[in-house]
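Asker: Produce the entire structure from the sequences given, and follow the hints as far as they go.
2 protein chains.
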Amino acid sequence: MEYRELKSLLDRNLHRIKTIGMHHEKITELRRLLNGGSGESGTDLAVEGMWALQKLLTAGLRIKAFIICPECIYSIEGIQLAEKMIVSAEEIYTVSKKVMEKLSGRDKPDGFITIAELQEYGERGLILPDRALVMVLDGLESPGNIGTILRSCDGAGVDAVLLCNMNVRMTHPKLIKASMGAVFRVPVVYFAEAEHCVKWLTSRDYQIYLADSAAVDGYTSISYENNTALVVGNERYGLSDIWYDPGPRLVSIPMHGLCDSLNVGVAASILAYTVIQQRQQG
Amino acid sequence: MEYRELKSLLDRNLHRIKTIGMHHEKITELRRLLNGGSGESGTDLAVEGMWALQKLLTAGLRIKAFIICPECIYSIEGIQLAEKMIVSAEEIYTVSKKVMEKLSGRDKPDGFITIAELQEYGERGLILPDRALVMVLDGLESPGNIGTILRSCDGAGVDAVLLCNMNVRMTHPKLIKASMGAVFRVPVVYFAEAEHCVKWLTSRDYQIYLADSAAVDGYTSISYENNTALVVGNERYGLSDIWYDPGPRLVSIPMHGLCDSLNVGVAASILAYTVIQQRQQG
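Protein chains in written order, with full-length UniProt numbering: chain A, 1 to 282; chain B, 1 to 282.
Keep in mind the hints are simulated off the structure, nothing from the lab. Note that the structure is predicted; figures quoted are calculated from it, not measured. In this text, a Cβ means the ideal position worked out from N, Cα and C, and glycines have one as well. Any given hint might turn out to be false.
[What the hints assert, rightly or not] Non-contacting residues of chain B with respect to chain A, defined by C-beta distances greater than 10 Å in every case (computed): (1) Ile27; (2) Arg62; (3) Ile86; (4) Tyr224; (5) Ile242.
[Stated by the list, open to error] Cβ pair distances, simulated, as ranges: (6) Arg32(B) - Tyr3(A): 41 to 51 Å; (7) Glu71(A) - Glu193(B): 38 to 48 Å; (8) Gln54(A) - Glu193(B): 28 to 38 Å; (9) Glu193(B) - Gly122(A): 46 to 56 Å; (10) Glu235(B) - Ser8(A): 32 to 42 Å; (11) Ile76(B) - Gln54(A): 50 to 60 Å; (12) Glu193(A) - Pro254(B): 32 to 42 Å.
[What the hints assert, rightly or not] Every beta carbon over 10 Å from chain A, so not counted as near; a handful from chain B, in silico: (13) Tyr3; (14) Arg4; (15) Glu5; (16) Phe191; (17) Ala192.
Answerer: The following block contains the structure:
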């Protein structure tokens, strides 16, 4: 019965739907994106599955292409999501189960893949509230760490994430996965160089706090008033030298055991939640 | 010059050192461990590199075998470490550069691999202080997450980590790597079933706190006095039902954005540091 409803939905939209095979250029583009390559524009990303598509819709991203495999869809939720996607997507394609299984990274694909476009925020386009809290990632290398930090920043309510010295694209599949959809929502601004980011922050009256396990001040001893920037650095090499010029304050998360530091994703998350909790209680 | 010192060190200990090749049974054992298999005993682990070996020595683990490639060692630090390892190791083997390169996961191996033994703590062998803080991991699947949590527990000063419903061994190479050596130090106790762990905790007057993103009580609204157990669950399915029997309190870390929850490693770390900081300030 459900499948009949889906068929009727697709029939009603037949003029907008194209059935394509493995050798179609859209599939080639999709495979490149799913393998971590870049798309037409650097902000294109591919995501699979109902869960991620729900998040994309909630975040209101532009849906450039919707690829659906009707044979893989069995649930009412699937049909309802297909209906929403058909309204939102600029291009709609159906593929066979065989093609979907080749594209999918899963044992049992749920029939949905999408190409969406991340919103770009230039440094001027970003409008932040008073007493903003931003997280700066300097030279991070692991897509998983960056995704985890985005997830925590989304959760804590960090206003934006600023990136410098970054070779990982926000559209990297591992980053998207670790972010659990946060990459669709949290505003991200790129700075080629840390120096530029420092200037941006200081000209906007941000107090800058560097996470540094050797710092004297503990992270809970500080009153994070006004505009606050938390800065974490590369997994192995830490922060670029420029951050240690006068201005920023160093804060440490105490280490009581054998290890010298925390995982950078954990450290960033602890700091972000500390600022937010302190402000809500203060 | 340095190499001459190393040669003299090895010559002095010649009676204890065996030179072995790729087909020696010790190498077979080592490769199995490095690939995530289990050793003679379930607590054997293999670690590579000077950094990890320093941590092993500091933690005081039993060193069952030390495999050294003299041709790979160039620094004074390397020779000093070799000296310490020769004193501590029960068996010592030298291998050629070719063998070391085949064993190593690195571009440039630094010449050191070790088989050590993790300390086992039975539930009765574990002696904990007053107002102890323990972290309970219920059914976690990702070796990386477990390793990251151990690293945070080591940093925060958590007294022990209790494991239930766990299929990942503490000797898994990814876990060891993510733990940055914390797995060598933090006491870990296994419980086959969560029910057994609940009994262990309640009979010792632990107040149990479950991390649950749907909970009403925020994690900072609670006073973590007396013996405290923090419990986090499986990455996808959360906690076993038994935890929701009367007794434990649910605590949430507020989620202000698109995501429903934090990465489990991040959540565990935030909770652990919150308890420790609250106690130090209170």
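Asker: All hints, please: hold or fail.
Answerer: Right, here's what the structure says about each hint:
1. Against the 10 Å criterion, Ile27(B) stays outside the reach of chain A, whose nearest CB is about 29 Å from its own CB.
2. Listed as outside the interface, Arg62(B) is consistent with that label: its C-beta sits roughly 16 Å from the nearest C-beta of chain A, beyond the 10 Å cut-off.
3. Consistency note on Ile86(B): stated as away from chain A, and its beta-carbon is indeed over 10 Å from all of that chain's, at 23 Å minimum.
4. The Cβ of Tyr224(B) sits about 15 Å from the closest Cβ of chain A, beyond the 10 Å cut-off, so the non-interface label holds.
5. Distance to chain A confirms Ile242(B) as a non-interface residue, since its nearest Cβ pair spans about 27 Å, more than 10 Å.
6. The beta-carbon spacing between Arg32(B) and Tyr3(A), approximately 49 Å, falls within the hinted interval of 41 to 51 Å.
7. Checked against the given bound of 38 to 48 Å, the beta carbons of Glu71(A) and Glu193(B), roughly 41 Å apart, stay inside it.
8. For the pair Gln54(A) and Glu193(B), the supplied restraint of 28 to 38 Å holds, since their beta-carbon distance comes to about 35 Å.
9. Taking 46 to 56 Å as the suggested C-beta distance range, the pair Glu193(B) and Gly122(A) conforms, at roughly 55 Å.
10. Distance hint check for Glu235(B) and Ser8(A): the Cβ-Cβ separation is about 38 Å, which falls inside the suggested range of 32 to 42 Å.
11. For the pair Ile76(B) and Gln54(A), the supplied restraint of 50 to 60 Å holds, since their beta-carbon distance comes to about 58 Å.
12. Against the hinted window of 32 to 42 Å, the Cβ-Cβ separation of Glu193(A) and Pro254(B) comes to about 35 Å, which satisfies the hint.
13. Chain A leaves Tyr3(B) outside its interface by the beta-carbon criterion, the shortest separation being 28 Å against a cut-off of 10 Å.
14. At the 10 Å boundary, the C-beta of Arg4(B) stays outside the reach of chain A, the nearest C-beta of that chain being 32 Å off.
15. Its beta-carbon lying about 28 Å from the closest one in chain A, Glu5(B) satisfies the requirement of being farther than 10 Å from that chain.
16. Annotated as non-interface, Phe191(B) keeps its C-beta farther than 10 Å from every C-beta of chain A; the closest such distance is 23 Å.
17. Distance check for Ala192(B) against chain A: the nearest CB is about 27 Å away, which clears 10 Å, and the non-interface claim stands.
When the structure is compared with the earlier hints, no violation turns up for any of them.
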